[in-house]
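Residue numbers (the working numbering), protein chains in the order written: chain B, 1 to 110; chain S, 1 to 110.
FYI, nobody ran anything at the bench for these hints, they're computed from the structure. Glycine included, every Cβ here is placed at the ideal spot set by N, Cα and C. Hints may be right or wrong, so weigh each one.
[As the list claims (entries may be wrong)] The following label-pair restraints were derived from C-beta to C-beta distances:
#1 B:16 with S:105: 40 to 46 Å
#2 B:80 with S:8: 37 to 43 Å
#3 B:27 with S:30: 20 to 26 Å
#4 S:51 with B:40: 41 to 47 Å
#5 S:77 with B:10: 35 to 41 Å
#6 B:38 with S:55: 42 to 48 Å
[As the list claims (entries may be wrong)] Listed below are the simulated PhoX-like cross-link pairs for lysine-lysine, each with C-alpha atoms no more than 20 Å apart in a straight line:
#7 B:71 with S:57
#8 S:56 with S:70
#9 S:56 with B:55
#10 B:18 with B:3
#11 B:53 with B:70
#12 B:13 with B:3
#13 B:3 with B:57
#14 B:98 with S:70
#15 B:57 with B:70
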Amino acid sequence: DVKVTQSSRYLVKRTGEKVFLECVQDMDHENMFWYRQDPGLGLRLIYFSYDVKMKEKGDIPEGYSVSREKKERFSLILESASTNQTSMYLCASSSRTKQFFGPGTRLTVL
Amino acid sequence: TQLLEQSPQFLSIQEGENLTVYCNSSSVFSSLQWYRQEPGEGPVLLVTVVTGGEVKKLKRLTFQFGDARKDSSLHITAAQPGDTGLYLCAGEGGSEKLVFGKGTKLTVNP
């Protein structure tokens, strides 16, 4: 069974902390994505990667960076967490646009 | 910028009722996908429609892609409490990125 896993289901951090969200897929997919999901705003694309060490900005990349050193792993980094980054973060990988999502990480920044 | 307008945003109905969710855009999409998301989980793909006018059925769910490939609908017949969730439409514009609608939160009351 295909699987996308995320390192934490819930995370609480303080303003200014550096935050790492990890995502791993076991489907050998080329493409991986990071979204944030907020009530009334839907899913918004932060960054995506179409190959190892390759990345492209999505619609809302400000305040975030990503790392893809291995094909199966895509990390989202909040360089200095702020309260407006409190959100649900969803990772996905895709095969021919069919996206498989992880369970999400609910991040709270205090 | 491609946008998908999804309506209604919220829907609360009684078990046994029928409902339709709409997804509209001024842009043409090469395919359109419907996802369902349960609380605390990531979205799960239900169906992909590719051809203009295409109709797909998944048990009590009927999905239709507009002739011009700019809109889609999801119709649920005789809704059940297990249908409760957030329904998301997503359009493929040409790259492997998807454009998501903001979602319809469906509650089916017993």
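Structure versus earlier hints, numbers of those that do not hold, lowest first: 1, 4, 6, 7, 9, 10, 12, 13
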